[in-house]
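S.K.: The residues making up each chain are set out below.
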Amino acid sequence: MKVLVPGIAGRLGRMLAERLIEEGHDVIGIDRRPLRDPPPGVEVHELDIRKRAAEEVFRRVRPNAVIHLATVTHLVVRSEDRYRINLGGTRAVFEHSAAYGVEHVVFVGRHTYYGAAADSPLFHVEDEPPMGLSSFPQLADLVAADLYAGSALWRYSSFVTSVLRMVYTLGPTGHGTLATFLRGARVPTILGYDPLFHFMHEEDVVRALVTTLEARPRGVFNVAGPQPVPLSVIIEETGRTNVPLPGPLLGAALGRFGLPRLPRGALEHIRYPITVDASSFKRATGWAHAIDERAAMRAYREAFPPPLPH
Amino acid sequence: MRLPLPIDPEVRARVDRLELPWNDLGIDPYGISKDYLAAYFTALRFFYRRYFSVEAHGLEHVPKRGRVMLVGNHSGGVALDGVMVIGSMFFDMEPPRVAQGMVEKFLNKIPFASQISSRLGHLTGIPEHAERLLADERMLMVFPEGARGTAKLYRERYSLVNFGSGFMRLAQKMKTPIVPFAFMGGGEAVPTISNAVTLGKLLGVPYVPVTPWLVALPLPAKLEVYYSEPMSFEGTGSEEDEVVNANVEKVKERIARLIEIGRKRRRGEP
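Order-wise, the sequence lines are chains A and B. For this note's numbering, add 13 to where a residue sits in the first sequence, where the first one is 1. For this note's numbering, add 39 to where a residue sits in the second sequence, where the first one is 1.
Hints in this document: simulated from the structure, not taken from any laboratory. A hint or two may mislead.
Straight line, CA to CA, 16 Å or less: simulated EDC-like cross-link-like pairs of lysine to aspartate or glutamate [said to hold, decoys possible]:
#	chain 1	residue 1	chain 2	residue 2
1	B	Lys103	B	Asp175
2	A	Lys15	A	Asp39
3	B	Lys148	A	Glu281
4	B	Lys144	A	Asp132
5	B	Lys212	B	Glu143
6	B	Lys103	B	Glu58
7	A	Lys64	A	Asp94
8	A	Lys15	A	Glu56
9	B	Lys148	A	Asp132
Some chain A residues close to chain B (C-beta under 8 Å, calculated; not the full set) [what the hints assert, rightly or not]:
#	residue
10	Asp132
11	Pro134
12	Leu135
13	Leu204
14	Tyr206
15	Asp207
16	Leu209
17	Ser245
18	Val246
19	Glu306
20	Arg307
In silico contact screen, one side only, chain B against chain A (beta carbon under 7 Å); selected entries [claimed, not checked]:
#	residue
21	Ile165
22	Glu167
23	Asn234
Glycine included, each C-beta is placed from N, C-alpha and C at the ideal position.
The task is simple: from the sequences and hints, build the whole structure.
M.R.: Right, dumping it as structure tokens:
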């Protein structure tokens with residue numbers, strides 16, 4: 014099968030490309046960023062998915078399937094440009110897929126779609142609306158991209174659409190929001206709160222994507238493997254030091270004293286849990302995780318031993 | 040989850056006998072922690088066995104495993120009733136069980152309260168949580184009188200206020216047996232003479248119970264729980280109000296009868 018991967022230059026994109034080649038697929042990548050030493054056999058185009066040249070790739074290659082990884086978070090792109098990348102890019106992927114005979118489009122979204130709040134349920138199911146935007150407006154573009162991708166389910170009948178809401182990744186590449194948050198020796202938390210965090214090993218993420226490609230499930234699916242774990246346990250198991258600070262103090266200290274500069278809304282995500290029910294994905298594809306939560310934390314710890322505090 | 044709190048080895052051994060799907064770290068999928076349970080029940084044991092010397096009657100009616108709802112009356116201005124029902128399921132059932140309560144939404148906004156209650160298995164009171172726990176064959180503890188029930192004054196301590204019908208719809212939908220129970224003595228332990236609503240608002244809670252000695256510190260009154268045979272109700276939970284309310288009345292009558300039996304026993308009548 015010819016598989017086109019927009020966003021291939023990220024850590025996940027590279028792992029996915031390697032796995033797809035192993036499985037005997039032809040892999041074509043598109044990314045604005047350069048992909049240094051691409052895995053052998055991968056055809057890479059360094060260009061913006063929203064530009065005309067990207068359409069030329071669709072026209073010439075005529076991929077059977079597209080796995081769309083090219084969305085960015087507020088952690089990577091801080092400007093309003095994020096809106097144009099996430100929404101314009103997603104639109105281009107779907108329109109070109111319709112025009113050039115693609116059979117299956119996989120949109121890779123995030124479980125933070127559901128938002129974190131005091132009254133939100135544990136284990137969200139797919140038909141819930143996104144409730145976290147009022148407290149965390151920086152998520153709006155990703156939520157909109159998710160809903161826009163979901164609208165392809167009724168707008169396009171010429172291909173199958175799978176919208177995946179993936180939990181955080183944690184593993185030896187140190188890629189992703191949670192892994193970045195845990196990077197330092199000391200991890201700030203909010204005093205009196207210890208939310209469950211849902212994550213899985215990046216190899217399981219890649220396997221879930223390959224399984225999606227094979228099973229072609231139509232619809233919107235939460236993707237998660239092992240059970241969630243309280244944040245304090247993640248900090249302990251990855252060898253970090255938990256630094257609980259009162260909520261208002263942490264809010265004021267963000268961006269100072271070596272703490273990351275985060276939007277206020279991000280604090281809701283270390284105050285309240287976001288966990289998902291992935292049973293419908295498992296039923297539709299037969300996928301199951303291979304690496305449990307403890308092994309994922311250990312793998313991260315081995316790859317990123319806690320830096321020694323000065 | 041190492042906690043700087045004393046843990047009794049006997050309590051720890053009982054925690055190990057709980058039939059919940061623990062992971063390697065002693066945490067279940069809902070975030071219940073063995074270490075928290077052990078520390079909590081170690082602290083509770085003195086109050087359960089000595090201070091209130093709680094007596095649980097009719098434990099043979101409580102299923103040892105599988106989904107079940109414990110449904111009873113509120114008694115006492117603070118959550119003494121819930122705490123002791125949870126205690127009786129842990130200390131007096133063989134094997135022990137975790138009764139999971141549904142907590143008021145305001146609690147999640149209070150630092151530590153949300154963390155501690157969720158580590159002990161008491162989730163926010165929303166229908167999604169209740170359904171999911173029952174689908175996972177857990178034990179749910181429900182007080183259908185809600186906050187109206189905890190606000191009962193001393194002279195009203197053995198009356199029942201209006202029952203909500205949500206628990207009945209849930210039991211019917213989830214095909215779950217209801218074990219009705221009566222909780223006795225909470226009104227004597229915390230004799231509420233008034234509820235301070237304005238003070239409650241300032242503190243972010245619905246009200247603060249006021250006792251003759253002002254604060255709601257419970258007296259060492261004898262507390263009792265009477266469990267009765269499970270009741271099952273047919274249906275899907277989407278029946279008309281009249282049908283559901285008639286079922287609710289049956290449960291309420293059973294609890295009222297249990298309270299009468301309990302009162303006679305407390306007065307020393309046969």
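S.K.: Against this structure, judge whether each hint is valid.
M.R.: Against the structure, the hints:
1. For the given pair, B/Lys103 sits about 15 Å from B/Asp175 by alpha-carbon distance, which is consistent with the 16 Å threshold.
2. A C-alpha spacing of about 5 Å is found between A/Lys15 and A/Asp39, which places the hinted pair at or below 16 Å, so the restraint holds.
3. This hinted pair checks out: B/Lys148 and A/Glu281 have alpha carbons roughly 11 Å apart, not beyond 16 Å.
4. Our distance criterion of 16 Å between C-alpha atoms is met by B/Lys144 and A/Asp132, whose separation comes to about 6 Å.
5. With a C-alpha separation of about 23 Å, the suggested pair B/Lys212 and B/Glu143 falls outside the 16 Å cut-off, and the hint is violated.
6. At most 16 Å may separate the alpha-carbon atoms for a hinted pair to count; B/Lys103 and B/Glu58 meet this at roughly 10 Å.
7. Between A/Lys64 and A/Asp94, the direct Cα distance comes to roughly 15 Å. Compliance with the 16 Å bound is thereby established for this hinted pair.
8. For the given pair, A/Lys15 sits about 11 Å from A/Glu56 by alpha-carbon distance, which is consistent with the 16 Å threshold.
9. This hinted pair checks out: B/Lys148 and A/Asp132 have alpha carbons roughly 9 Å apart, not beyond 16 Å.
10. Taken as an interface hint, A/Asp132 checks out: its beta carbon lies about 5 Å from the nearest beta carbon of chain B, inside 8 Å.
11. Checking A/Pro134 against chain B: minimum C-beta separation of about 4 Å stays under 8 Å; hint holds.
12. Taken as an interface hint, A/Leu135 checks out: its beta carbon lies about 6 Å from the nearest beta carbon of chain B, inside 8 Å.
13. Residue-level restraint check for A/Leu204 holds (minimum Cβ-Cβ distance to chain B is 6 Å; threshold 8 Å).
14. Evaluation of the A/Tyr206 hint against chain B yields a held restraint, the C-beta minimum of about 6 Å falling below 8 Å.
15. Nearest Cβ of chain B to the Cβ of A/Asp207: about 5 Å, under the 8 Å cut. The hint holds.
16. For A/Leu209, the suggested interface contact is upheld, since its CB lies about 5 Å from the closest CB of chain B, less than 8 Å.
17. Below 8 Å, beta-carbon pairs count as interface contacts, and A/Ser245 has one with chain B at about 7 Å; its hint therefore holds.
18. With 8 Å as the threshold, the beta carbon of A/Val246 comes within range of chain B, its nearest partner Cβ sitting at about 6 Å, so the hint holds.
19. A hinted interface residue such as A/Glu306 counts as satisfied when its beta carbon comes closer than 8 Å to some beta carbon of chain B; here the least separation is about 7 Å, so the hint holds.
20. At a threshold of 8 Å, the smallest CB-CB gap from A/Arg307 to chain B is about 5 Å, leaving the interface hint in force.
21. Nearest Cβ of chain A to the Cβ of B/Ile165: about 6 Å, under the 7 Å cut. The hint holds.
22. Hint status for B/Glu167 relative to chain A: holds, with the closest Cβ pair at about 4 Å, below 7 Å.
23. Annotation: B/Asn234 was flagged as interfacial toward chain A, and the flag is violated, the nearest CB pair being 24 Å apart, outside 7 Å.
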